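2 protein chains.
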Amino acid sequence: MKDISPWSDELPDDYQEIIDKFGLEKFNVNEFPNPNHLMRRNIIFAGRGLKVISDCIKQKKDFYVLSGIMTSSEKIHLGTKSIIDMISYFQRQNAQTYVCIADLEALCTRNISLEESKKRALNFHIPIYLALGLDIKKTTFYFQSENKTVLHLSYAFSSKVTLNEYRAIYGNSEPSRILAALTQSADILFPQTIKKMPGIIPVGVDQDPHIRLTRDIVSRYKDYNFITPGSIYNKFMPSLDGSLKMSKSNINSAIFLPEDKNSACKKIMRALTGGRKDVEEQRKIGGVPENCMVFELYKQHLIEDDKKLNKVYEECKTGKILCGECKKNACDLMNKFLDSLNENFNKFKERIDDAKILKFKNN
Amino acid sequence: MKDISPWSDELPDDYQEIIDKFGLEKFNVNEFPNPNHLMRRNIIFAGRGLKVISDCIKQKKDFYVLSGIMTSSEKIHLGTKSIIDMISYFQRQNAQTYVCIADLEALCTRNISLEESKKRALNFHIPIYLALGLDIKKTTFYFQSENKTVLHLSYAFSSKVTLNEYRAIYGNSEPSRILAALTQSADILFPQTIKKMPGIIPVGVDQDPHIRLTRDIVSRYKDYNFITPGSIYNKFMPSLDGSLKMSKSNINSAIFLPEDKNSACKKIMRALTGGRKDVEEQRKIGGVPENCMVFELYKQHLIEDDKKLNKVYEECKTGKILCGECKKNACDLMNKFLDSLNENFNKFKERIDDAKILKFKNN
Numbered sequence: 001m002k003d004i005s006p007w008s009d010e011l012p013d014d015y016q017e018i019i020d021k022f023g024l025e026k027f028n029v030n031e032f033p034n035p036n037h038l039m040r041r042n043i044i045f046a047g048r049g050l051k052v053i054s055d056c057i058k059q060k061k062d063f064y065v066l067s068g069i070m071t072s073s074e075k076i077h078l079g080t081k082s083i084i085d086m087i088s089y090f091q092r093q094n095a096q097t098y099v100c101i102a103d104l105e106a107l108c109t110r111n112i113s114l115e116e117s118k119k120r121a122l123n124f125h126i127p128i129y130l131a132l133g134l135d136i137k138k139t140t141f142y143f144q145s146e147n148k149t150v151l152h153l154s155y156a157f158s159s160k161v162t163l164n165e166y167r168a169i170y171g172n173s174e175p176s177r178i179l180a181a182l183t184q185s186a187d188i189l190f191p192q193t194i195k196k197m198p199g200i201i202p203v204g205v206d207q208d209p210h211i212r213l214t215r216d217i218v219s220r221y222k223d224y225n226f227i228t229p230g231s232i233y234n235k236f237m238p239s240l241d242g243s244l245k246m247s248k249s250n251i252n253s254a255i256f257l258p259e260d261k262n263s264a265c266k267k268i269m270r271a272l273t274g275g276r277k278d279v280e281e282q283r284k285i286g287g288v289p290e291n292c293m294v295f296e297l298y299k300q301h302l303i304e305d306d307k308k309l310n311k312v313y314e315e316c317k318t319g320k321i322l323c324g325e326c327k328k329n330a331c332d333l334m335n336k337f338l339d340s341l342n343e344n345f346n347k348f349k350e351r352i353d354d355a356k357i358l359k360f361k362n363n
Numbered sequence: 001m002k003d004i005s006p007w008s009d010e011l012p013d014d015y016q017e018i019i020d021k022f023g024l025e026k027f028n029v030n031e032f033p034n035p036n037h038l039m040r041r042n043i044i045f046a047g048r049g050l051k052v053i054s055d056c057i058k059q060k061k062d063f064y065v066l067s068g069i070m071t072s073s074e075k076i077h078l079g080t081k082s083i084i085d086m087i088s089y090f091q092r093q094n095a096q097t098y099v100c101i102a103d104l105e106a107l108c109t110r111n112i113s114l115e116e117s118k119k120r121a122l123n124f125h126i127p128i129y130l131a132l133g134l135d136i137k138k139t140t141f142y143f144q145s146e147n148k149t150v151l152h153l154s155y156a157f158s159s160k161v162t163l164n165e166y167r168a169i170y171g172n173s174e175p176s177r178i179l180a181a182l183t184q185s186a187d188i189l190f191p192q193t194i195k196k197m198p199g200i201i202p203v204g205v206d207q208d209p210h211i212r213l214t215r216d217i218v219s220r221y222k223d224y225n226f227i228t229p230g231s232i233y234n235k236f237m238p239s240l241d242g243s244l245k246m247s248k249s250n251i252n253s254a255i256f257l258p259e260d261k262n263s264a265c266k267k268i269m270r271a272l273t274g275g276r277k278d279v280e281e282q283r284k285i286g287g288v289p290e291n292c293m294v295f296e297l298y299k300q301h302l303i304e305d306d307k308k309l310n311k312v313y314e315e316c317k318t319g320k321i322l323c324g325e326c327k328k329n330a331c332d333l334m335n336k337f338l339d340s341l342n343e344n345f346n347k348f349k350e351r352i353d354d355a356k357i358l359k360f361k362n363n
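From first to last, the protein sequence lines stand for chains P and C.
If you're matching positions, the first sequence starts at 1 in the numbering used here and goes up one per residue.
If you're matching positions, the second sequence starts at 1 in the numbering used here and goes up one per residue.
Same shape as in the complex, but just chain P (with noise of 0.2 Å):
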């Protein structure tokens, strides 16, 4: 099996090996009311602790969504906005909504000062997040450096796990690595100290090590009688090229949000696609719209109406249309979807001091 870590790039080859060999929940898409196109799709595939919350959304009852922001680059690509759709999607669930800024994360993995994260936080991640979908009157966010709660949380979870287990969770042991792996802890189970509910975290499958510390903190952490945190993992966004996750790192192999839709199309133009070795064979046999970038593009992100992404699927599969003019196709809807974003990431921008973040009281 390849390496699903935090820190690897690597795609998996199949899927249902690591929900064997992590142990997780299948997901089933019937349980949940309302799903949305990566549910529907399957990009959605596994969870923990998944019924939980689907029982909370059928019986109205409360319960929270919690996502955090890495202040490490200005940059987020399409891969951050699948998480950003699950969030926006237990939001539209009426899930509490709880976005956690990173920013000693930051400073202790990656040398950032806090000032600096506050700066792109307020300048450019809060913005976008609100710009892909999160709704500004429900999105509560705070910086992890102001709140005591976290901090206080991931000294007295310091005792609960040992170092023969970070080695043995993480594969790094190094004091940054740990420090950051409890202040996540601390941030997953935060919401249930203003609040006792049942909490979901989406992320991508390589982030399930930090959901196994932060369940196995809850059984042990006796002081605090917390509800074990549940988790939705999407599969990875790939890079266009196919070869590894959409990284921040490889430049060509991502887009990002916001982009030029210059560059977008360029890329787009360029991404790995199902098509055969010409024309004639592509028109007689169909084209492979399994391994084709583009056709994930519109599967995660450009087509929301399954029947309108059915189509596409149809047309390539039966030959009837072409890779070029398909990605030209993918283009315009990047576009359109770009343009749109452009246009509420501004707006954000500029309303940020409506957005809800959480003032800390003094002692």
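Treat the hints as calculated values from the structure; they're not laboratory data.
None of the values given here were measured: they were computed from a predicted structure.
Treat the hints with care, since some could be wrong.
Identical chains blur together in the list; that is why a pair holds if it fits in one copy or across any two.
With a straight-line cut-off of 20 Å between C-alpha atoms, the simulated DMTMM-like cross-links for lysine to aspartate or glutamate are [claimed, not checked]:
#	residue 1	residue 2
1	119	74
2	148	115
3	118	223
4	308	290
5	222	115
6	119	223
7	222	116
8	137	165
9	138	353
10	336	55
Chain C: place on chain P using the hints.
Using the frame of chain P, we list chain C on its own:
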């Protein structure tokens, strides 16, 4: 060499060996104005960066002294008094005085809640530190858990020390210990974030690993131009039976502050002395005050005046006084000391609201 670490109770055989092995500076009493009894009597025996501090004293430049209170129990013993005597010394030489309540350390290494630590600090530790001679008007206390600067520095420092270094320094690199050590370094440097100035940390020499770690961090953490902190080491107060360090965990080995006078006297009467096998021999060749725990009490705690101490020494050496009488004298002095301590302790418990406890502004 014996185990001289923060987690050992062993007494060193030879302090010169420690100086050589740890690479310490030998303490020279002539370099410090107005030395107290511990400095004059070679109980203070070594340090790091001492000249910077003696220069500050002589040239009336700003510097600070800092110490930490571990709230793991509501007990302190005579060993702690020596540290407080040293804080007082530097305070009288105009050091800005900081005493940190290490509530986060107590949380992560002893699982003591922040609320419990706060209660203990206000009801016990702060009043007893004041009763032992710290100036209520000139001593600034703070709680680690409320000090965001300390918390942020702990995170910032985490990337500056590798796991292997921890293991080499401490022989123990469990997450909670690492977190405690990082937080101690942050405490040691915290006063410099208020005003950049040299500082000195009076500790038992078993704490030298923490000092070394902090000095290493200063040399590696260039974002803030910290001044390398100094340290000054006292020899251990031995247990009353002379076998180990005086320790909270061995009740009969220690005199606690405060302690019931009868109980303290009983312990003194049972203490190891430098007496001979019978009265006749002792009258003839005298006792051995160098091996006597009662003389250690006089020297470290009960007799401030060097001439008086010399008299006790000579009377023992010449066989003029026998152990029984000498112990009774020690009991008398201990009673006076405990009476006065008790009175002061009760006074400062009532005046706890006058103590200067740092309030931290929100963000």
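These are the hints, each one checked on the structure:
1. Taking the shortest alpha-carbon separations for residue 119 and residue 74, only the intra-copy value of 10 Å comes in at or below 20 Å, while the best inter-copy value is 44 Å.
2. In this assembly of identical chains, residue 148 and residue 115 lie within 20 Å of each other by CA distance both inside one copy and across copies; the values are 17 Å within and 14 Å between.
3. Taking identical chains as interchangeable, the C-alpha atoms of residue 118 and residue 223 lie at most 20 Å apart only when they sit on different chains, with a minimum of 17 Å there against 32 Å within one chain.
4. Taking the shortest Cα distances, residue 308 and residue 290 sit within 20 Å of each other inside one copy (16 Å), while across copies they are farther apart (94 Å).
5. For the identical chains of this complex, residue 222 and residue 115 are inter-copy neighbours only, at 16 Å across copies versus 35 Å inside a copy, given an alpha-carbon limit of 20 Å.
6. In this assembly of identical chains, the alpha carbons of residue 119 and residue 223 lie at most 20 Å apart only when taken from different copies (18 Å versus 36 Å within one copy).
7. Proximity of residue 222 and residue 116 under a CA criterion of 20 Å is satisfied inter-copy only: 16 Å between copies versus 37 Å inside one chain copy.
8. Taking the shortest Cα distances, residue 137 and residue 165 never come within 20 Å of each other, neither inside one copy (40 Å) nor across copies (47 Å).
9. In this homomeric assembly, residue 138 and residue 353 come within 20 Å of each other (Cα to Cα) only inside a single copy, at 14 Å, whereas the closest approach across copies is 42 Å.
10. In this homomeric assembly, residue 336 and residue 55 never come within 20 Å of each other (Cα to Cα): the closest approach is 37 Å inside a single copy and 70 Å across copies.
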